[in-house]
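Model the full assembly from the supplied sequences, consistent with the hints where possible.
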Amino acid sequence: MINNTWKTLGLMAFCGVMVLAAPSDVRADEISGPGLGYGNYMVTVDADSVTVSKDEEGQEALMTASKGTSFEVVEDMGDGFIKVKVSDTYGYIPVEGNATVSSTDEATLAALDVKTQEDAAADFRQSIVNYALQFVGGRYAAGGNDPNTGADCSGFVRYVMLHGAGISLNRSSSGQATQGRAIGADQMRPGDLIFYGSARSINHVAMYIGNGQVVHASTYSTGIKTSPWNYRGPVKIVNVIGD
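If you count the sequence shown from 1, position 22 lands on 33 in this note's numbering, and the numbers rise without skipping.
Distance condition first, Cα-Cα at most 30 Å in a straight line; then the derived DSBU-like pairs of lysine-lysine:
1. Lys247 to Lys236
2. Lys96 to Lys65
3. Lys94 to Lys78
4. Lys96 to Lys78
5. Lys65 to Lys78
6. Lys96 to Lys247
7. Lys236 to Lys78
8. Lys94 to Lys65
What the hints contain is simulated information worked out from the structure, not anything from laboratory work.
Take a look at the structure:
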């Protein structure tokens, strides 16, 4: 992970190749294409939302990134697409008109607005929460996998993590509780998962959204809703995002 701060750069197309242009007059051939490398740049979404694809042609969606979400750049693919690191996999984001690429060159940071890697992680987590919250008010359905049509607790969390963060989870709440890294209540951040049940079994899962609240597919009568994180006694809290 990058621990440097970033300098915001402008982005423009140059003969089908993605080109980074500093505020000063810089020739395109000095910093285009091959200059983009893993660990040297970040890309931050400026549009309200952008689809991150599994392929550089943009044919299959990996996740939806909301405004402010940042990713580490792996490679400039040309034709407007940047390959980025998404959790433990990779995705492709259409940059032109949608996002800003930022340099990690410390020599150019003086007197400019900067942003830490911790801020980027927080932005990514908040984008997952924002994605989940759009489904509040949706219906609960036992065995349901899609909050657009109806989902149960684990189906809801699984859908949000897959489509909002590109993270694949097991189907059941007990199976999801075996993934990621167990953490304490004092360590949980938006996007972490909270499991409920008893000492012998887990029967419910919710996503922490910050400010002492969770979002979850609760019951037939309430549907997908928010609740205090300790409305029941949590038995396990897990970080599946990996940061």
